[in-house]
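There are 2 protein chains.
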Amino acid sequence: MSNSKKKYSVVFMPDCVETSAEEGSNLLETAIASGVHINAGCGGAGTCGTCNILIKTGKVVGQKTANVSDADYQDGLRQACSSRVMSDLVVEVPAASRLEAAVLKRETPDSASAAMLLSGWNYSPPIEKRFIRMSPPTMQDNTSDLSRLLRCLDNSQTESIVEADFSVTKKLATTARQDNWHVSATLLKLAGHTRLINIEPSDTRTTNYAFVFDIGTTAVRGQLLDLNRGQISAQAIGYNKQIRFGADVIARINQCSQPGGLAKLQTAAVDTINELLHQMLSSSGVAHSSINHIVVAANTVMVHMLLALDPKYLRMSPYVPTISSPPLVRARSLGIDTEEHVRLFCMPSVASYVGGDIVSGILGSGVYQRPSLTLYIDIGTNGEIVLGNNEWLVTAAASAGPTFEGGGIRCGMLAINGAIEDLRLDDASAEPSVKVIGDGQPLGICGSGIINLTASLLKNGLITQAGRFNMEKSSARLRYGENGAEYVLTYAADSGTGKDITFNETDMDNLIRSKAALYAGYHTLILSVGKHMSDIDHVVIAGTFGNRLNIENAITIGLLPDLPRHKFTFIGNGSLLGARLIAFSTEVQRQSSVVASMMTNLELSENADFMSSYTAAMFLPHTDAALFPSVTTGDTA
Amino acid sequence: MSNSKKKYSVVFMPDCVETSAEEGSNLLETAIASGVHINAGCGGAGTCGTCNILIKTGKVVGQKTANVSDADYQDGLRQACSSRVMSDLVVEVPAASRLEAAVLKRETPDSASAAMLLSGWNYSPPIEKRFIRMSPPTMQDNTSDLSRLLRCLDNSQTESIVEADFSVTKKLATTARQDNWHVSATLLKLAGHTRLINIEPSDTRTTNYAFVFDIGTTAVRGQLLDLNRGQISAQAIGYNKQIRFGADVIARINQCSQPGGLAKLQTAAVDTINELLHQMLSSSGVAHSSINHIVVAANTVMVHMLLALDPKYLRMSPYVPTISSPPLVRARSLGIDTEEHVRLFCMPSVASYVGGDIVSGILGSGVYQRPSLTLYIDIGTNGEIVLGNNEWLVTAAASAGPTFEGGGIRCGMLAINGAIEDLRLDDASAEPSVKVIGDGQPLGICGSGIINLTASLLKNGLITQAGRFNMEKSSARLRYGENGAEYVLTYAADSGTGKDITFNETDMDNLIRSKAALYAGYHTLILSVGKHMSDIDHVVIAGTFGNRLNIENAITIGLLPDLPRHKFTFIGNGSLLGARLIAFSTEVQRQSSVVASMMTNLELSENADFMSSYTAAMFLPHTDAALFPSVTTGDTA
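Each protein sequence line maps, in turn, to chains A and B. Per the working numbering, the first sequence runs over residues 1 to 637. Per the working numbering, the second sequence runs over residues 1 to 637.
Heads up, some of the hints might be wrong.
Where chains are identical, the list cannot tell them apart; a pair therefore holds if satisfied intra-copy or between any two copies.
[Unchecked claim] Taking lysine-lysine and the PhoX-like style, the derived pairs with C-alpha atoms no more than 20 Å apart in a straight line are:
{"id": "1", "residue 1": "K531", "residue 2": "K171"}
{"id": "2", "residue 1": "K5", "residue 2": "K56"}
{"id": "3", "residue 1": "K264", "residue 2": "K59"}
{"id": "4", "residue 1": "K6", "residue 2": "K59"}
{"id": "5", "residue 1": "K264", "residue 2": "K170"}
{"id": "6", "residue 1": "K312", "residue 2": "K170"}
{"id": "7", "residue 1": "K531", "residue 2": "K567"}
{"id": "8", "residue 1": "K459", "residue 2": "K473"}
{"id": "9", "residue 1": "K56", "residue 2": "K7"}
{"id": "10", "residue 1": "K64", "residue 2": "K435"}
{"id": "11", "residue 1": "K241", "residue 2": "K264"}
{"id": "12", "residue 1": "K435", "residue 2": "K499"}
{"id": "13", "residue 1": "K264", "residue 2": "K171"}
{"id": "14", "residue 1": "K312", "residue 2": "K264"}
Simulated from the structure, these hints should not be mistaken for laboratory data.
With the hints as extra help, turn the sequences into a complete structure.
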């Protein structure tokens, strides 16, 4: 008779959230169910020591772990995950155990400095579940089912008006009576009001998940987020299925003008999302019905195509998008395989070629919060760049091409299992030792591998500054292949494809064009606001390299500017960083449009400085060696 | 070259609305296009003299009509419909020419006293069209199409935030460029904000229509409203196609529990609406694309079925509806044949058996505004009754059955073409003279005809007070037919059906049961609040009798209470009256939920007083003759 268990009142401080819990309930689960978010890095295993709480009054039981000292234990310090409720309780959640302190740290690369990330935000997901015990109707109180439910919701939150989706109303009569008028309500918090978007029988508060997607021109990346714990439960990556319609956005926009073209591209994007979504559900074991929200960060062209908006005018002067702040749409209405109630939020964009992906990165990295001057570089197909501080932000897109995502490279691939992500060449023999993602046999080389290989070849003198192979150098790895001069990274016998993994001069040309476009982009942007490279306080680099971007090598080839190394921070995928923060915090979501509105776009496509700067950068590291003193002197400040 | 015509500024006072008009423009059309509503009873033919305006400054030309005196003409009085703009103008629209003053008067029966209708409201339809000239985008101003449009809308109205439907965004890029960035925006005004629901190229302000529907258990009635002119452009009526699933709501609710049953009933309601909708478009010549709104007033069961909500719990104690204030839904999502943007507003209801139809009637008749005590009776299948004033309203439903809509009567029919709506019996011979709707051959007899016939038969002594025929009376019209004793109203030779039109004792029994239920309903309601019949200041009667309810006859048979005749007002169809007002006025729409929340429901189905009162009323006029003194004395006060 579990129903006869004793119930206790538990109050969580400092927010004074009161709930009731059965005797013996896990304190971490009790906190989650009442909407109090406690950092729990190990997922409740009792090993990480991040969910420390203070028992102010009352009694809990549970083993004392090694993470709690005797003195602290005496003072009432416990780990929430291994404490069980045995009386009425008042529990203090110290600042260090609050979720927002941990979320960012846990989910950015080791190299990311916390000072270069968004600060001062609260963990409060826009999706919230509430457990509601309605009083059953009587002849004296026979108000409608919906009024009965909204009455309870209004009682439990006074700050905003609750409106119900009609789809909730449709299943309300049956759902409410399924477990004797006990239901879980899923709420979507919007500016100024709250929508009731779903209702389930009984208490389902412990399952509440969201997806975030970075829809890139080349690759789509997704993460499944546990909204109760502020954790990534699964990740997936795949090529954007739109690639079959063209490698770059221009080709795809043209395709949309064909009969049925837009529908094909929309479907391709949705198919990609659905594939990743099911991969993540399957690998995490999370139920389809536990998904309540989706956040997308993508460039403007991708957003238009996803929403089935004709992107035609994006590429015609004066480059006008149809929409820059898309409304919430029902994910299912786009073809995404979710339940009816799930809304999709698209990060707002700035201009036709400065999209929500870059807004997301600026948001997540907090560039817009700091008075110091930051150069933000997203090393991806569209090569977005932002320069600015807490007063102004200028932005530009320097179409870099897909090189850094392994595109346009004969043996290139995404940074997924089987990709060579790092390597070292023996000084004498130029024999490589490679680091493969997943540690299996290599299948190809990804962006970070390409950068590291090129820098190593240059340092070893195997290539010239113009990107030609020095064939007279004695290395068994240098040869003339089908595609001309090339370097063999892995012989067929050792590769997972049964073929040699090589890097040739065409690949090198593509890399040089890509890095030159990026360099010219930020160089032009800096000059356009009357600044110099030396004025820059921080360089924040986002990109799709996992944790493995070698800043030194990126400077060696002239991709990144030659600045003191302490100024650099690599934050990983900036799109997903901002998207996650939005899924985790209503107030960060509201900030997104503020950030977008702060940004002024500089159109590079019609800029003469950009063209000359681009030409000058078509060299390793640059035609003007004075711009890269450390590359020759070796003094990296 | 009509584009080269001179343009003038026209300012309409007292609201200070400024617009520009081409030389020679019709002043009434100019007012309509700028959202200034002027009463124009004859539709602009210059004959009714209701669109009088004062030219304060400037010059118009147009014929002086007989409706304007010489002195008034000297003072600048003109008819807007026959004046053309010849200079910059300042035009005063006097109170008497404002639309709200005329709408109610024009659209209620002759017998309706203006004092018994809603007062103090403004003509301001929730659907408004705006003509917008956007500035085309440039490299300096390449904000998104949507921001560009919303910017214009925000400029033109400061009181509320405009949000755009995603369906507008979808067609925005194409529509905006179709006529050089000149578009018409259709706005839906809601409490606190405004939605942009449609966009069309060019200026389409002159076509703006709405439908209102009264979905009754037996019959569905629709009206097509011209929102620019505050006029009914077409009307239609038809049997509710749900009748095939049962004559009363209980049978239909039961049907919904069968597999697929709810879908069948939902479809039947929608099919009925679509049939009437197309009839009205066809008879008026109004284009399908000009429809922008639908308002529905219906009982709670009909609303649940229309919205595909299972009505099961409406008939199970404690009689709980799923919803009482339905949200706006897209009409097309229900299967109604409109464009995607059209929303359907359902009048809020009070309880399972007191629906939006009765709220609509109370709203339209202004019962809730007056300190005096009103008894409101809706003579229809569900027999709703309301008693109250500006401080309290009690309500009940006394299921009367379909008699008053011609149901359950052998030769009964709706009050449509071919129905005998009135008659007189010769005192001596009892030979009838009949009045047929549409003046063709009679096809049957409608509610008002049935009441008038019964009262006449009673006065002539052809029936007893128990509703039996006095067969010994010498009248050729009295006979024994297949169904027992009956009176022949029209012989086959004179009828449009080729058969005799008769009225038999079973018909009479049904009528007596119906009127007894209604009488018992309001009698019980009055007693329940400690009042007496004599306390009632006004009796407002709503019903489906066109303009032809004979109050005297209704009292004679004991349907209406025997009160001084000046207390009675017949307002026609109360459901449609309130629905029209909502389509014509945003503020009246807001009032609807206030009215619903004022009403307290008395459940008659479990009330012992009701049952005894019902039994006592099963007599013509009543078993207690003292309750109907005037019927015997002939003194109608």
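Results of checking the hints against the structure:
no., hint, verdict
1, K531 with K171, "neither (60 Å within a copy, 42 Å between copies)"
2, K5 with K56, "neither (24 Å within a copy, 82 Å between copies)"
3, K264 with K59, "neither (61 Å within a copy, 59 Å between copies)"
4, K6 with K59, "within (14 Å within a copy, 86 Å between copies)"
5, K264 with K170, "between (33 Å within a copy, 17 Å between copies)"
6, K312 with K170, "between (39 Å within a copy, 13 Å between copies)"
7, K531 with K567, "within (17 Å within a copy, 86 Å between copies)"
8, K459 with K473, "within (13 Å within a copy, 126 Å between copies)"
9, K56 with K7, "within (19 Å within a copy, 78 Å between copies)"
10, K64 with K435, "neither (41 Å within a copy, 95 Å between copies)"
11, K241 with K264, "within (10 Å within a copy, 42 Å between copies)"
12, K435 with K499, "within (18 Å within a copy, 98 Å between copies)"
13, K264 with K171, "between (34 Å within a copy, 18 Å between copies)"
14, K312 with K264, "within (15 Å within a copy, 44 Å between copies)"
Going through the hint list in order, the structure does not satisfy hints 1, 2, 3 and 10.
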